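> Chain by chain, the residues run as shown.
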Amino acid sequence: MTETNLDHRLLLLCDDDNVVVARTRLGQGTDVLIDGSRYIINRDVLPGFKIARTEISPGQKILKYGAPIGSASQEITPGARVHTDNMKSDYIAIHTNESDESHVI
Amino acid sequence: MGGVMKGWLRSDGRKGIRNVVVVAYLVECAHHVAREIVLPYRNKDVHLIGFPGCYFNEYAQEMMRKLTTHPNIGAVLLVSLGCEGFDKYGLESHIAASGRPVQTLVIQGEGGTRKTIELGRSLVEEMRMETDKQTPIPMTPAELVVGTICGGSDGASGITANPAVGKAFDQLVANGAACIFEETGELIGCEEHMAARAATPALAEEIVKCVEKAAKYYSVLGQGSFAPGNAEGGLTTQEEKSMGAYAKSGASKIVGLIKPGMQPPTGGLYLLDVVPDGDVRFGFPNISDNAEITEMIASGCHVIIFTTGRGSVVGSAISPVIKVSTNSQMYNRMMDDMDVNAGTILDGT
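These protein sequences, in sequence, are chains A and B.
Per the working numbering, the very first residue in the first sequence carries number 1; after that it's consecutive.
Per the working numbering, the very first residue in the second sequence carries number 1001; after that it's consecutive.
Chain A with its partners taken away, still in its complex shape (with noise of 0.2 Å):
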């Protein structure tokens, strides 16, 4: 993929990825160009946070680096947020504290 086909806010770590990650904070709305096509951010984005590059099927690998780093639970579309509420580990469950999400900083 070309640099120009990719939002300068978005990195993406390997060709084979099905995610691209953001480089800065995103607001639920802001569109954003990826594999040329834009696409609108469904919720609020921090910098790390990762965001679908294709759609992505239940069960289906998701790739950063190259490398599977568990399965989607859930239908993502392209623009999405990838996180716990729609992907899994493939080898152990984490433990998450919800009533902090809002605290995020």
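Hints listed in this document are in silico derivations from the structure and should not be mistaken for laboratory results.
Fair warning: there could be bad hints in the mix.
Covered stretches of chain A, going by a simulated chain B footprint (3 or more residues, C-beta under 8 Å) [said to hold, decoys possible]: (1) 47-56; (2) 63-75; (3) 81-91.
What follows is a set of in silico ranges between Cβ atoms, one per label pair, in the way DEER data are often shown [as the list claims (entries may be wrong)]: (4) A:Q28 - B:I1287: 33 to 41 Å; (5) B:G1348 - A:G27: 18 to 26 Å; (6) B:A1202 - A:Q28: 50 to 58 Å; (7) A:R25 - B:S1093: 58 to 66 Å; (8) A:H8 - B:P1101: 55 to 63 Å; (9) B:R1333 - A:E55: 35 to 43 Å; (10) A:H8 - B:K1253: 31 to 39 Å; (11) B:N1332 - A:P58: 34 to 42 Å.
Quick look at which bits of chain B chain A covers, simulated, 3 or more residues with Cβ under 8 Å [as the list claims (entries may be wrong)]: (12) 1093-1103; (13) 1207-1220; (14) 1236-1246; (15) 1341-1348.
Keep in mind that this is a model prediction, so the values were computed, not measured.
C-beta: ideal position from N, C-alpha, C; glycine also.
For this one, chain A is given, so just place chain B on it according to the hints.
Same frame as chain A, now just chain B:
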């Protein structure tokens, strides 16, 4: 890398990049007295270490032997309550045999808290004066042992700070240094990649077994090495965190697998196996970053490179801990605690 560094030569041939006087308590009951002894010297390279347990423990005895004869240490004061199980005089003679000044204070024998603190401070004063007279000599990168750890990782760790440490490790290894990476529980999913980098087929097999042991440990305990803050920082799964953590190891060949307290026999890249052998017995193997740092220092690390995304403030006695921030937001917020900002890699500045 030129020979601009200086180090203090020890009798075993190793050199220290610091010349610390360490005060070590040998049971929790002696902790307060030892801490009070150190208090006036907090900015004068007098550090506090210790072991809290009352009963004899081979692991603790070995850790204390390694820590008190670490190359960064010039002199040692041991503080015992008196009735605990620690083999204090065994430790004292081990330290004395290394050529370092060493004294043992037994609180019950010295007449209690105040008298021991007073006596301890005067002994520390003498030790500090003696060690300050020693002159460091030139030291090369090949004489360094460097460890790395990550704590409070986030979605930027595997993109910025961790690969940057990997590059630093490659340069250090090329210059003859020994480099240590660890946290096998955070390398779950990377075992085949690591095996392919092993210097020998036998080592490749050992590495795979060592990660399988960690995976078994975590599955018995019901969760991986993943804290809620990791998810708040954009990491979603153990294997995603592992991929990021693994980047700290760089691209050099892995030449050995060592246990906590074991020194790397040569230069090169080593994996430290922090998970105990045998049945799952002791709870989480990496109960805290401090425990892992202590194990790396016991293996001779002169310095620890610590990458953090959420903002860890963990430091250590004996060896300095260099903090590398994975993102500029946290770096700007916690600048006093951070040494390097690798967040600029993500910012593109």
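> Three residues minimum, CB to CB under 8 Å: does the stretch 63-75 of chain A make the cut for coverage by chain B? Let me know.
holds (count 6)
> Does the Cβ distance between A:Q28 and B:I1287 fall inside 33 to 41 Å?
holds, 39 Å
> Count the residues of the stretch 1093-1103 of chain B whose CB lies closer than 8 Å to any CB of chain A, then report whether that count reaches three.
Violated - the stretch 1093-1103 of chain B has 0 residues with a Cβ nearer than 8 Å to chain A, which falls short of three.
> Three residues minimum, CB to CB under 8 Å: does the stretch 81-91 of chain A make the cut for coverage by chain B? Let me know.
holds (count 8)
> Taking 8 Å as the C-beta cutoff, is the stated coverage of the stretch 47-56 of chain A by chain B satisfied by three or more residues?
Holds: 4 residues of the stretch 47-56 of chain A have a Cβ under 8 Å from chain B.
> With 55 to 63 Å as the target window, see if A:H8 and B:P1101 comply at their CB atoms.
holds, 60 Å
> Tell me if chain A covers the stretch 1207-1220 of chain B under the three-residue, 8 Å CB rule, please?
As far as the stretch 1207-1220 of chain B goes, the hint holds, because 3 residues have Cβ atoms under 8 Å from chain A.
> How does the coverage statement for the stretch 1236-1246 of chain B fare against chain A, requiring three or more residues with Cβ below 8 Å from a Cβ of that chain?
With 6 residues in contact (Cβ-Cβ under 8 Å with chain A), the coverage given for the stretch 1236-1246 of chain B holds.
> Is 35 to 43 Å respected by the C-beta to C-beta distance linking B:R1333 and A:E55?
holds, 37 Å
> Could you tell me whether the CB distance from B:N1332 to A:P58 stays inside 34 to 42 Å?
holds, 39 Å
> Tell me if the beta carbons of A:H8 and B:K1253 are separated by a distance inside 31 to 39 Å.
holds, 37 Å
> Starting from the range 58 to 66 Å, see whether the pair A:R25 and B:S1093 falls in it by beta-carbon distance.
With Cβ atoms ~59 Å apart, the hint holds.
The structure does not agree with numbered hint 12 stated previously, though it agrees with all others.
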